[in-house]
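Asker: Spelled out from the first residue to the last, the chains are:
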Amino acid sequence: MNFFDNLALGFGVAVTPMNLVLAFIGVFLGTIIGVLPGIGPMTGIALLIPITFGLEPTSAIILMAGIYYGAMYGGSTTSILVNAPGESSSVVTCFDGYQMAKKGRAGPALAAAAIGSFIAGTFATLVLMLVGPAVAAFALNFGPPEYFSLMFAGLTVVTSLAGRSLVKALLSTTIGLAIATIGIDLQSGVPRYTFRNPELLDGLEFLVVAIGLFALSEVIVNLCNMNQAVQERLEIKGGLWMSKEDWKRSIPAFTRGTLSGFFVGGIAGAGAAVASFVSYGLEKKMCKYKDELGQGAIEGVAAPEAANNAAAGGAMIHLLCLGIPGSGTTAIMLGALLMIGLQPGPLLFVQNPQFVWGLIASMYIGNVMLLVLNLPLVGMWVKILDIPLYLLMVFIILFSFLGVYTMNNSVQDLFLMVGFGVIGYFLRRLDIPAAPIILGMVLGDLMEQAMRQSLMISDGSLAIFVTRPISLFLLLLAVISITNPYWKYIGIGWRKLFGRSAAA
Amino acid sequence: MSNDVKENRIASVVLLLFSATYFAMAFFTIGQPASKQILGPDAFPKAIGILMIVLSAAYVAQSFRGMSKEDEARAALIGADEKLSSYVDVKTVGIMLGLMLIYAFIFERLGYPISTFLMFMAGVLVLDRRHLVRDAIIGLVISFGLHFAFTFLLRVQLPAGPLSWFGL
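So the sequences go chain by chain: A and B. Residues 207 to 710 in our numbering are what the first sequence lists, from first letter to last. Residues 564 to 731 in our numbering are what the second sequence lists, from first letter to last.
Since the hints were derived computationally from the structure, they do not count as laboratory data. What you are looking at is a predicted structure, and each value in this text was computed from that prediction instead of being measured. Incorrect hints may have been included.
Pair by pair, the computed Cβ-Cβ distance ranges are [claimed, not checked]:
| hint | chain 1 | residue 1 | chain 2 | residue 2 | range |
| --- | --- | --- | --- | --- | --- |
| 1 | A | GLU451 | B | ARG718 | 51 to 59 Å |
| 2 | B | TYR650 | A | ILE688 | 33 to 41 Å |
| 3 | B | GLY629 | A | GLY697 | 16 to 24 Å |
| 4 | A | VAL672 | B | ARG718 | 46 to 54 Å |
| 5 | A | PHE210 | B | LEU726 | 52 to 60 Å |
| 6 | A | ILE688 | B | ILE700 | 50 to 58 Å |
Beta carbons are placed, not taken as given, at the ideal position from N, Cα and C, and that holds for glycine.
Modelling step: build the complete structure from the supplied sequences, incorporating the hints.
Answerer: Shown next, in the form of structure tokens:
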């Protein structure tokens with residue numbers, strides 16, 4: 207099938223009334239989630255997964271992708287108007303966005319954020335469409351050893367950028383892998399870490415862990431200090447539209463933000479939050495008006511907002527073409543798809559073209575819907591912040607219980623979820639990132655399977671992972687991503703050993 | 564010594580113990596399969612266990628010696644998460660956690676709508692009781708609304724509890 211046939215197929219799937227409605231519900235709920243403080247895209251998707259239980263896989267992922275994009279859009283609104291980022295990827299937007307709003311330029315700031323997100327989202331979707339099939343076709347040649355190395359590299363690269371401390375992030379990944387080993391080993395039928403508990407034979411559901419770690423821990427964090435000062439909300443004065451000058455300054459920033467976000471956040475797997483930080487750093491170096499950054503320069507809004515959406519789109523490429531999540535949010539989506547019984551990966555393009563292209567088409571549609579939803583209706587979204595914090599917390603508790611219970615009809619899962627909520631709180635306090643746990647959990651089983659299949663091919667020799675070129679390349683990538691912060695020490699040690707000549 | 568450092572030290576030691584337990588359990592609690600395999604069910608857990616021990620040992624070392632300058636520079640670059648304030652309203656958190664456990668306990672026994680309404684009202688009473696009537700109405704609508712939406716619209720079964728006597 208050629209390109210246009212694929213696209214026609216995709217729009218044929220996405221433009222059915224049911225899927226259009228779902229895309230709309232997705233971006234709508236997503237925007238709410240983005241606006242609400244504390245509930246980021248990960249929590250939002252985890253909480254809303256139960257809604258997708260009755261849906262077809264295609265409809266389910268259209269809904270989830272809508273939520274994902276919507277949350278990325280919505281986060282900027284509160285950054286700009288309240289100086290309270292809705293999620294971690296819009297922290298940077300506060301710097302200049304809030305300053306712009308203070309100067310009465312909230313309208314152009316919101317417009318720059320929405321338009322930047324739209325451009326970046328469309329760009330990422332376009333790249334997915336153009337290179338996706340090629341990447342998938344290439345990945346079809348992968349055997350189990352390549353897959354193992356790919357997952358290994360994916361885990362290390364993504365987590366090496368996930369948190370502020372490399373050790374903590376990697377430790378968090380291995381905890382996720384350890385949780386994945388709970389339950390009956392599918393190849394030998396031997397139970398592992400089940401503590402004679404029959405309900406653990408199936409293993410821990412990733413949703414129990416995810417909702418506990420993200421949603422409930424957020425509740426606990428807020429409960430710890432309910433009397434936080436309410437921040438002043440700035441009014442939108444004047445028009446929403448950007449002036450000619452704004453456009454002139456924003457377009458290069460959009461471009462830089464989109465590209466850096468796409469490659470750093472998406473392809474390299476650093477995630478949306480890091481992407482936004484990196485693009486802001488880039489603006490500080492490259493932007494013509496760098497002295498104004500931090501005091502309300504429009505570039506400071508345009509670039510990071512483009513970057514975080516481009517990163518979200520880039521992460522979808524990993525998920526769809528390789529079956530490997532490139533971010534915490536896509537890890538949750540992968541887990542949800544596995545629950546529905548769909549294994550994302552290169553075979554999808556061949557076996558389920560209507561799924562892939564339907565999703566791509568709905569991503570275009572969702573981006574347009576978001577632009578329409580966000581610009582004229584921005585006043586409505588801000589009103590959501592009127593929901594008192596205590597009610598919001600109680601709602602999150604109710605939805606967490608509902609989501610976890612409907613998955614397996616198990617009360618034990620509810621207790622486990624509360625336990626993971628407490629663990630999640632301590633992880634937050636200790637600055638240990640929780641997202642890698644989910645990545646490890648979702649990939650753990652797949653990795654173990656790939657490893658065993660590889661060793662069956664090689665008759666037990668581990669050399670198979672380094673004698674195959676693609677596998678070797680991926681493993682080297684993993685090693686580089688973990689060790690690069692320490693390379694400096696090698697240089698220092700070298701100089702100490704061999705005197706100053708090496709340094710010169 | 565600041566609280567933060569102390570907490571990290573305790574946590575790192577706890578994680579090291581946890582890793583060691585996980586590793587040891589891979590030897591003692593995982594049975595052997597009936598047929599011989601190239602990679603038994605205990606191989607992967609053992610590998611993860613070793614990794615966990617190495618990493619948590621590194622965490623212990625870091626928390627007792629302090630972070631290197633390199634790591635701090637890295638943290639500043641990536642630093643998206645702000646630190647949590649160390650103030651904790653232990654009473655509120657404790658009561659709410661207790662309520663959640665009770666909610667889980669009565670979830671099936673009293674059924675979804677009733678237990679959810681009770682949880683909602685209890686939460687409101689603990690956190691902010693200035694708008695009781697308004698919140699009671701919201702609670703009723705939410706608990707029964709969600710129940711009917713899930714059972715009749717989404718066709719996802721929720722426990723009806725005593726309400727099943729009325730055929731709901």
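Asker: Against the earlier hints, flag every one the structure doesn't satisfy and list their numbers going up.
Answerer: none
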